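Engineer: This is what each chain is made of:
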Amino acid sequence: TQLLEQSPQFLSIQEGENLTVYCNSSSVFSSLQWYRQEPGEGPVLLVTVVTGGEVKKLKRLTFQFGDARKDSSLHITAAQPGDTGLYLCAGKTGNTPLVFGKGTRLSVIA
Amino acid sequence: NAGVTQTPKFQVLKTGQSMTLQCAQDMNHEYMSWYRQDPGMGLRLIHYSVGAGITDQGEVPNGYNVSRSTTEDFPLRLLSAAPSQTSVYFCASRQTGIVSPLHFGNGTRLTVT
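Chains as they are written, first to last, in my numbering: chain P, 1 to 110; chain H, 1 to 113.
If you only want the chain H side, here are some residues facing chain P, beta carbon under 7 Å, derived: (1) L43; (2) L45; (3) V99; (4) P101.
Which stretches of chain P does chain H cover? Using the computed rule of at least three CB atoms under 8 Å from a CB of chain H, they are: (5) 42-56; (6) 100-110.
Please keep in mind that the hints were generated in silico from the structure rather than gathered at the bench.
Since we're looking at a predicted model, the values are computed, not measured.
Heads up, the beta-carbon is just placed ideally off N, CA and C, and yes, glycines get one too.
Let's have the full structure, built from the sequences with the hints guiding it.
Structural biologist: Here it is as structure tokens:
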């Protein structure tokens, strides 16, 4: 079974601070996705990365896929209260179903 | 478009009762799946389907049945509910293709007493 370990599990920061969330595995993935989930709703896709070393930016969010395609990171610059939520990474290999990490719960305090 | 619609939003069952969680999507997605989400456990795959008439087990299939008679619908059946099945259940669908994103419904919160 492929496992995705996310860290930290919980993160509480002040508005304006920077943060990085990590997603690590011993398995190689053909693609990796990041989702954000808000209370009472289902997860929503933020980004998909498919190439080792790939970096994608989405406004203040920067996503990186490790060179070996075993890990990924999400960096948020100048966090805002609207960034509060559960961040989930999910990896896929071949035709196997998507595997999710346990998530990082982020709270940004105004 | 409505996307992925799940009903009911909340449900309380007694141990041993049966029920069906409904899931419908209007995006003509071939792939549909059911997850359960528990505190500290993330999203765990229960069952999935790559098309009408085809279903397969995920990580935690015991106690759940599924069928896929149409592209649009993918109901999840609990045959004899147990307290361990208390959870939030999410249905998700996507287009075929390795990097296609999953589109999730808003979940069904199930409590089994």
